[in-house]
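Asker: Letter by letter, the chains look like this.
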Amino acid sequence: MLRFFLRRFAVAVAVALTVLTLAFLLTRVSGDLAISIAGPNATAEDVESIRQAYGLNRPVWVQYFDWLGRAVQGDFGESYFFRDRVANLIAARMPVTITLGLVGLAVALVVSLPLGILAAVREGSWVDRAVGLVAMIGQAMPSFWLGLVLMIVFGLQLAWLPISGVDTWDGYILPGIVLAFSAIPSLTRLTRSGMIEALSSDYIRTARAKGLTRLSILVKHGFRNAAIPVVSIAAVQLGFMLGGSVVIETVFALHGVGFLAWESISKNDFPVVQAVVLVLAIIYIGLTLLADLLNALLDPRLRTA
Amino acid sequence: MTALLEVRDLRVTIGSTAAVRGASITVNKGETHCLVGESGCGKSISALSVMGLLPRGSKRETTALRFAGEEIGTYGEKQMERLRGDRMAMIFQEPMTSLNPAYTVGSQMTEVLRRHRGTPRAQAVDRAAELLALVGITAPGLRLGQFPHQLSGGLRQRVMIAMALMCDPELLIADEPTTALDVTVQAQILRLLATLQKDLGLGILLITHDLGVVARIADRVSVMYAGEVVESAPTAALFADPEHPYTRGLLTCVPVPGKVKRGEPLGSIPGVVPRVTPGFTGCGFRDRCSQAHAACAGTIPRQAVADGHELLCTLSPGWGRQAAA
Amino acid sequence: MPAGRGAKLLRNPGFVIGALIVGLATVIAVIAPWIVPYDPFAIDLQRRLVPPSFMEGGSSLNFLGTDQLGRDYFSRLIYGTRISMVIGVLTVITSGIIGITMGVLGGFYGGKIDDFVVFCITTRLSIPAVLVALAVAALRGSSFMLVVLVLGFLLWDRFAVVARSTTMQIRNLDYVSAAWCAGASQWWVLTREVLPNIATHLAVVATLEMALAILLEAALSFLGLGVPPPLPSWGLMISEAKEYMFFEPWVIMIPGAALFVLVLGVNFLGDALRDMMGTDLSR
Chain A
1 MLRFFLRRFA VAVAVALTVL TLAFLLTRVS GDLAISIAGP NATAEDVESI RQAYGLNRPV
61 WVQYFDWLGR AVQGDFGESY FFRDRVANLI AARMPVTITL GLVGLAVALV VSLPLGILAA
121 VREGSWVDRA VGLVAMIGQA MPSFWLGLVL MIVFGLQLAW LPISGVDTWD GYILPGIVLA
181 FSAIPSLTRL TRSGMIEALS SDYIRTARAK GLTRLSILVK HGFRNAAIPV VSIAAVQLGF
241 MLGGSVVIET VFALHGVGFL AWESISKNDF PVVQAVVLVL AIIYIGLTLL ADLLNALLDP
301 RLRTA
Chain B
306 MTALLEVRDL RVTIGSTAAV RGASITVNKG ETHCLVGESG CGKSISALSV MGLLPRGSKR
366 ETTALRFAGE EIGTYGEKQM ERLRGDRMAM IFQEPMTSLN PAYTVGSQMT EVLRRHRGTP
426 RAQAVDRAAE LLALVGITAP GLRLGQFPHQ LSGGLRQRVM IAMALMCDPE LLIADEPTTA
486 LDVTVQAQIL RLLATLQKDL GLGILLITHD LGVVARIADR VSVMYAGEVV ESAPTAALFA
546 DPEHPYTRGL LTCVPVPGKV KRGEPLGSIP GVVPRVTPGF TGCGFRDRCS QAHAACAGTI
606 PRQAVADGHE LLCTLSPGWG RQAAA
Chain C
631 MPAGRGAKLL RNPGFVIGAL IVGLATVIAV IAPWIVPYDP FAIDLQRRLV PPSFMEGGSS
691 LNFLGTDQLG RDYFSRLIYG TRISMVIGVL TVITSGIIGI TMGVLGGFYG GKIDDFVVFC
751 ITTRLSIPAV LVALAVAALR GSSFMLVVLV LGFLLWDRFA VVARSTTMQI RNLDYVSAAW
811 CAGASQWWVL TREVLPNIAT HLAVVATLEM ALAILLEAAL SFLGLGVPPP LPSWGLMISE
871 AKEYMFFEPW VIMIPGAALF VLVLGVNFLG DALRDMMGTD LSR
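Chains as they are written, first to last, in this note's numbering: chain A, 1 to 305; chain B, 306 to 630; chain C, 631 to 913.
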């Protein structure tokens, strides 16, 4: 058990280092950074001075190890545009993104778990097919478009919720719903298949033979076992959601790290972009580790092995 | 004395299969009634329909389904829930998978008592420990905190039995409880059931295809074939005077010391149990029966061979002896 | 594909709907230049934001109205089908080549090679795809081919996962071992025994990746870093119409609905194939 986790942790560190390298390469192989930073109207002297100022005239590998050494200490350099430490910028924006991700995950779970359970209990019926259709529709929904449509309906026509920003808590509702759409299909399907497997098992028959109530059979005995993979996939989905937050934060003008990345991209502020890619990747890696850990905690067969 | 369980003319159809076709079974208080027959003859389905645990899509009909004198055939799901696990309990063939892997033995045992009696947790735990000891598990305190995957198959089946006894049921239905276990463990579990039956005055409906088991612990035997009880008798009578050709066939398949001579081949019944569709008439065994004749396709008479010995066959009781004489 | 399966597919309503939508989109994409009523790039500043003909204030000249520059919405929508379909197909080809190669090699050879493949998949999954695509597009300047390449290099993971697991299953089957023992070359076993047997599973992945590629292209174009204007990508149409959406909601409803229906159609196809194949896509 401990060995398994040490191994998993070592792989996670290796993946993180690879992503670190890729994030560095991303800005170096895609063109001359100095020209990108200087902008279209810059003269050759401007470009040269930028090259000097940011150390871009050093050999690539020197730049790489310099950057890597700082990055592992949490120092991502300074933003060209915001004139602030990149780490400060990200720290200031992170709460919005995390809140959005958690709201999205909560909405996704609140929708998927009952739908999945319902579909499993009524397997093969029209209810099951309807739930399958809902999952399909969720999967086909362009999130940015859904965001705009919800803004028109709930923000403008019904005027129930704010159209953009998170000055008040209800600003998270619409973007949270949109974000949830990306996780609902897979979570619903997973809940359904897990429940079908659990409900057809012998221990459910035992639970019925013990005279337990229907609710206790479904939730305590059925869902408890179906939930094990769902919980770990939910953690992974949260990682995907945070990674995809750039689109939704832009649509709803939420000032989280996704929006920060988008601003920085349009301002050619690459240290920030690099750092956001890195931070989101590392959060994802951490969440997959957490998923494995939760899996082991929830499954006695793994926990006591 | 009223019977503990009285099933009259049970019919179960699952989809397009007539799984049980007019079976009648009676279990008296403190009696072990064995239901024997090959796989697929409707034994398990009969047991499940008594418990109200039939799979979805199956239909049950009876003229009477009485438990301790009360008609339960008309009970709704809520009423059956209250009965199951409390006054009638059931254990299954697959001890490896019949316990929930996510909960400890103790949690799964105590939940029965908490559900039916509202017993506080501490008392329920005491009761569970007491029963684990009763079914011969050493260190019950330790076992209560363990998960099913930490126990062997034999231990799990003992846990299942202890769990079934939590509420002091009057009837225990055991569906091939020893089939999946090692031979030595099988013997232990059977001895345990026999002891419990004597000590607690349980009525047991034991399903098995093993005639050795029947000979050892049954008071009464019903032989099932293709959804019908073809012969039912007290154990001694059945072994001494098997009347139905199928019963005879089954008995020749079992080596009995002293009866089967060395070098003489054991019997076997050619063919397999047919899948019977609703609307089938006549004897289900006629295609495999050496005694079959035209009348076997008609209505089969139910005949009394002796007191408590019933036969469902066109042959007259005693045909075997006459043929031999 | 055996005839029995084909007949079964035709009775699956999801497959029929999906095939109709995707088939129609393909036909439209191919014959777009011949069916558009107007030049999709022709600007007419006199006739801007004319509502569709079936709405109040609509004109019979423009079936789906005109955009903020007076370009015919219907013609742009039709050309947009072309962009979505071509991006979808090219991305699937690119990502398919990368992912299938990696997955098959990992699943077939196992050991160190497989460890490396799994490591690449794990790394890929941890990279936020949309963000990286945006960054690359910003650095290199967005173009049609760049979108295809970036998406192709980011969406190969599921191909690799499925190709790897199915190859492993095939590899351990007796008849493959038999071919192996009979002295067949690795190349022969890979191309004659492995690939044909995993092809149907990969077809399921292809449909799902195509749907994803179409959605991502639209999202990138919506954020202004996908297909460059004035190309009528549906995502770009929504982006350009966004300013007017509170007054004229139809300007975003039309391209959005088109996008949704096409992606839904592709997903229906994939789902029907998956039901038939029993492909496990959970990861």
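Derived from the structure by calculation, the hints contain no laboratory data. C-beta: ideal position from N, C-alpha, C; glycine also. Hints should not be assumed to be uniformly reliable.
[Stated by the list, open to error] A partial selection of chain A residues facing chain B, derived with a Cβ cut-off under 10 Å:
#1 Asn41
#2 Ala42
#3 Arg70
#4 Tyr203
#5 Ile228
#6 Pro229
#7 Asp299
#8 Arg301
[To be verified] Just a few of them, taken from the derived set where beta-carbon distance is under 7 Å, the chain C residues facing chain A:
#9 Leu720
#10 Ile723
#11 Pro758
#12 Leu761
#13 Leu764
#14 Asn802
#15 Leu845
#16 Ala848
#17 Phe852
#18 Ala888
#19 Phe890
[Unchecked claim] Computed cross-link-like contacts, DMTMM-like style, restricted to lysine to aspartate or glutamate with a CA-CA straight-line distance of at most 25 Å:
#20 Lys364/B x Asp292/A
#21 Lys220/A x Glu336/B
#22 Lys503/B x Glu366/B
#23 Lys742/C x Asp292/A
#24 Lys638/C x Glu123/A
#25 Lys872/C x Glu123/A
Asker: Next, verify each hint and record whether it holds.
Answerer: Here is how each hint holds up against the structure:
A cut of 10 Å between beta carbons decides the hint on Asn41/A: the least distance to chain B is about 66 Å, and the hint is violated. The interface hint given for Ala42/A is violated, since its Cβ lies 64 Å from the closest Cβ of chain B, which is over the 10 Å cut-off. With a least beta-carbon distance of about 46 Å to chain B, the hint placing Arg70/A at the interface is violated under the 10 Å criterion. The restraint placing Tyr203/A at the interface with chain B holds, with a minimum CB-CB distance near 4 Å, inside the 10 Å limit.
Taking 10 Å as the C-beta cut-off, the interface hint given for Ile228/A holds, the closest approach to chain B being about 8 Å. Interface hint at Pro229/A: violated, since its Cβ lies 13 Å from the closest Cβ of chain B, which is beyond the 10 Å cut-off. Because the smallest distance between the Cβ of Asp299/A and any Cβ of chain B comes to about 8 Å, under 10 Å, the interface hint for this residue holds. Hint status for Arg301/A: holds, given a least beta-carbon distance of 5 Å to chain B, under 10 Å.
Violation of the interface hint for Leu720/C is found here, the shortest Cβ-Cβ separation to chain A being roughly 19 Å, above the 7 Å cut-off. The beta carbon of Ile723/C comes no nearer than 22 Å to any beta carbon in chain A, farther than 7 Å, and the hint placing it at the interface is violated. Hint on Pro758/C holds. Least Cβ distance to chain A is approximately 3 Å, under the 7 Å limit. A distance limit of 7 Å between C-beta atoms decides the matter here; for Leu761/C the minimum to chain A is near 5 Å, and the interface restraint holds.
Nearest Cβ of chain A to the Cβ of Leu764/C: about 5 Å, under the 7 Å cut. The hint holds. The restraint placing Asn802/C at the interface with chain A is violated, with a minimum CB-CB distance near 24 Å, outside the 7 Å limit. A cut of 7 Å between beta carbons decides the hint on Leu845/C: the least distance to chain A is about 6 Å, and the hint holds. Interface hint at Ala848/C: satisfied, since its Cβ lies 6 Å from the closest Cβ of chain A, which is below the 7 Å cut-off.
Interface restraint check: Phe852/C against chain A, minimum CB-CB distance 5 Å, threshold 7 Å, status holds. The interface hint given for Ala888/C is broken, as the beta carbon of that residue sits about 10 Å from the closest beta carbon of chain A, more than 7 Å. Look at Phe890/C: its Cβ gets to within about 6 Å of chain A, closer than 7 Å, so that hint holds up. Under the criterion of a C-alpha separation no larger than 25 Å, the hint pairing Lys364/B with Asp292/A is inconsistent with the structure, at around 44 Å.
A distance of roughly 35 Å separates the Cα atoms of Lys220/A and Glu336/B; the hinted pair therefore is violated under the 25 Å criterion. For the suggested pair Lys503/B and Glu366/B, the alpha carbons sit about 33 Å apart, so the restraint of at most 25 Å is broken. Restraint check for Lys742/C and Asp292/A: satisfied, since their Cα atoms lie roughly 23 Å apart, inside the 25 Å limit. Restraint check: the Cα-Cα separation between Lys638/C and Glu123/A comes to about 20 Å, which is no more than 25 Å; the hinted pair holds.
Taking the CA atoms of Lys872/C and Glu123/A, the gap is about 42 Å. The hint is violated against a cut of 25 Å.
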